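Engineer: Chains as they are written, first to last, in the working numbering: chain E, 1 to 322; chain R, 1 to 457.
These are calculated hints, taken from the structure and not from any lab test.
These figures come from a predicted structure and were not determined experimentally.
Treat each hint with caution, since some may be false.
Examples of chain R residues toward chain E, derived with CB under 8 angstroms [to be verified]:
#	residue
1	Asn96
2	Thr103
3	Ala106
4	Ser107
5	Gln124
6	Glu272
7	Asp273
8	Gln276
9	Thr279
10	Ser281
11	Gly310
12	Ser417
13	Asp421
14	Pro426
15	Leu434
16	Thr438
Pairs of lysine-lysine residues, derived as DSS-like cross-links and limited to a Cα-Cα distance of at most 30 angstroms, are as follows [stated by the list, open to error]:
#	chain 1	residue 1	chain 2	residue 2
17	E	Lys170	R	Lys183
18	R	Lys314	R	Lys345
19	R	Lys225	R	Lys291
20	R	Lys291	E	Lys170
All residues carry an ideal CB built from backbone N, CA and C; glycine is no exception.
Residue-level listing of the chains:
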Amino acid sequence: MSRASPLELRVGATTAVSAQVSARRRALRRNLTGYAFIAPWLFAFLSFTFLPIAASAFLAFTDYNVLSQSLHWVGLDNFDRMLFRDPRFWRAVRATFFYALIAVPLKLAFALALAMLLNNTRRLITSYRAAYYAPSIVGASVAVAVVWREMFGRGGPVNAVLEPLGITAKAWSGDPATAPWMIILLAVWEFGSPMLIFLAGLKQIPHEFYEAAALDGAGAWQKFLRITVPMLTPLIFFNLVLQMIFGFTVFTSAFIISGGSGAPLDSVLLYSLYLYQTGFKDFQMGYAASMAWALLLVVGAFTALIFRSSSYWVHYEADTAR
Amino acid sequence: MRRIALPDWLRLMAVLPLVLSACSAPAAPSPPAAPAQQQATAAPGAAKPAASGEAVQLRFAWWGSQDRHDRTIKAIQLFQQQHPNITITYEFAGFNDYWTKMTTQASGGNLPDLMQQDYAYISQWTANNLIIPLDDYVNSGSINLSDVPKSSIDGGRINGKLIAVNLGNNSQTVALDVAAFEKAGVALPSQNWSWDDFEQIATTLHQKLGIWGVGSGLSDIQMWKSLYLGYGQWAFTPDGKGLGYQDDQKYIDYLKMLQRLQDGGAAPSQQEDIAQYRTSSVESTPIVPGKAAMQYFWSNQLVAAWTAAGADRKFQLTHLPRPKGGQAENYLKPSQFISITSQSKHPQEAAMFVDFITNDVEANKILLGERGVPISTKIQDAIKPMLTPAQAEAQNYLARVEKDNSPLPPPDPAALSKLNDSIFLPQLVDAVLLKQTTAEAAVSQFRKDATALLTSS
Chain E
1 MSRASPLELR VGATTAVSAQ VSARRRALRR NLTGYAFIAP WLFAFLSFTF
51 LPIAASAFLA FTDYNVLSQS LHWVGLDNFD RMLFRDPRFW RAVRATFFYA
101 LIAVPLKLAF ALALAMLLNN TRRLITSYRA AYYAPSIVGA SVAVAVVWRE
151 MFGRGGPVNA VLEPLGITAK AWSGDPATAP WMIILLAVWE FGSPMLIFLA
201 GLKQIPHEFY EAAALDGAGA WQKFLRITVP MLTPLIFFNL VLQMIFGFTV
251 FTSAFIISGG SGAPLDSVLL YSLYLYQTGF KDFQMGYAAS MAWALLLVVG
301 AFTALIFRSS SYWVHYEADT AR
Chain R
1 MRRIALPDWL RLMAVLPLVL SACSAPAAPS PPAAPAQQQA TAAPGAAKPA
51 ASGEAVQLRF AWWGSQDRHD RTIKAIQLFQ QQHPNITITY EFAGFNDYWT
101 KMTTQASGGN LPDLMQQDYA YISQWTANNL IIPLDDYVNS GSINLSDVPK
151 SSIDGGRING KLIAVNLGNN SQTVALDVAA FEKAGVALPS QNWSWDDFEQ
201 IATTLHQKLG IWGVGSGLSD IQMWKSLYLG YGQWAFTPDG KGLGYQDDQK
251 YIDYLKMLQR LQDGGAAPSQ QEDIAQYRTS SVESTPIVPG KAAMQYFWSN
301 QLVAAWTAAG ADRKFQLTHL PRPKGGQAEN YLKPSQFISI TSQSKHPQEA
351 AMFVDFITND VEANKILLGE RGVPISTKIQ DAIKPMLTPA QAEAQNYLAR
401 VEKDNSPLPP PDPAALSKLN DSIFLPQLVD AVLLKQTTAE AAVSQFRKDA
451 TALLTSS
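For reference, chain E alone in the conformation it holds in the complex (with noise of 0.2 angstroms):
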């Protein structure tokens, strides 16, 4: 770029007006040179990402069924039938508030207990660290649904243990009672990535502030509400966030275990298991595309919900250094 450019060996354009132009034209390279640079992925972010994203926003709108060639516009009737005519979707809705509501909070405090649990130096600290980030690696893959429906299986490993604990043993995928908790257990399970980024706030909190606590007589109990949790609350913000949008489009452990059924009772229904079956089960797919649009709005709307009620519970480092 130190090579002078042709406009720089220009001779005679002096005048304010030119220059101006030319620093204008010289930055709209510069620019296109940028430009240039993140073409590959522009361009694959607007024909993959974009075009689909436009394209499902018109479709919402149709009753494009993928087979025949014709579709028509049918206004709000898609928005219509889901909140008026289609009692399985509301099925589809009870059943994934029921596992983000449960979910998400168990699995954050299962992680906050095992990033304080790890947050010491023992020997082997780091080995039980991986140890225990290695199911979120796999977690969200189906092998691990597979193996989790084997094992909550009638000749599992789980009826194995129960057992001689005098719990009969059953078939849990098949009961609706126990089979939306299979789900929420391989959730709380994958506690993983919430887990180290709990640890990475445990080593910022200033040892300063425990020794003060005790020599005040504080108890363990007493310096986890009033110093841990306050220095954490903007980690916790930052998972709850994180993963209660996860939590509202899990997908893979709901279909392996009900066999992309959603049974028993659809109690394994999750919205994105239905919206699933809605497009490439049943083609409809502009009743579909509605249905994502929908989910699009509802975890928009508690994100923003989570954000809004953030400034009565979330502080930061510069409201404590008052």
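Guided by the hints, dock chain R onto chain E, whose structure is given.
Structural biologist: Chain R alone, transformed into the frame defined by chain E:
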């Protein structure tokens, strides 16, 4: 004078396509190139008969098991040996993925020339003009159906036009574990046994042997449809827009029988049915490891089940039980079809392959009725000496069904899978058998919901 220098960004742009194409080259097996290639040979190839020697490329897609893939690929190789100018590329998948794939290809105008079709889908695909009538090819002799009984052809007719050729016949069945019956001292049932006999036999087997009398899947939607066939009725109205029967009590009785069997331990509980068996393959049904003495499935599945169970076992197939005094619930179902799509550039050559898979003795010695009993009687005789006990039993059973059956019902309404997923399973059979509601309440609610769904679709 100004020196003309290529701006940096322009030079970068010039290189980009090279980089991009280098990246994508190995990944894409050039799907866009294939149609172009076909285009080139299209006009002359379609006009002339295949004997012209023009190089022709066909695509064939099917769903199925690994066994089917292996056999079909071998048969394709045989066809290519006989017709050196024709190359057939193929793609296959499991049943559900197959339909996702085909539907996507249909919307992209990229369908294969030949596709396996299902009885539940042909009307929908015909209505959308995606598969073409084959009558002209039959009349011109390109597809020879002279050795095929009419009853095995008619399932592929829509509005009087032949749009799909049956690849093999099939029927629902109850498989009996002969050794278990002997051990329990229970006589094998006759083919016109009733549901009362069935319940009694299953219960006796359970009491004598301690295993399940009957295995999984009795709450399948197919059994609901078959139950009404036993009364000479079809589950749906002729236009598929509503339920075709009036008497709900018959299904209520059936559900109550299932409930008794499950509660008594003579059949797997519904929890277990859902968790272990509903979505798994026939190889994992309870009869295979000897956990049940009887099992419901489709006759062509016996081969896979018997293979998994081991050659030392002995199974016999029998009709579905029927209502007391009613007719057979069984019918001869085309297990699958082969169709030529409207997007094919070489329908003539595709028709030759349809003829090949129907009539070629050597090809069928490779395929060995894996898709169901071959429809050509000549082929049936030709492959008979080569059949394993399982294949022979399936073929003999079909011969028995041929003499004692209900006529082939109309194709299922397009909304059947939606009806099953969203109402029949969660609101009816699972709700009743998981004891969330009574059979009476669920069945009458089902009538309302199912009618609403069927009318609106």
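Engineer: Checking against the hints above, which ones are violated?
Structural biologist: 10, 11, 16 and 18
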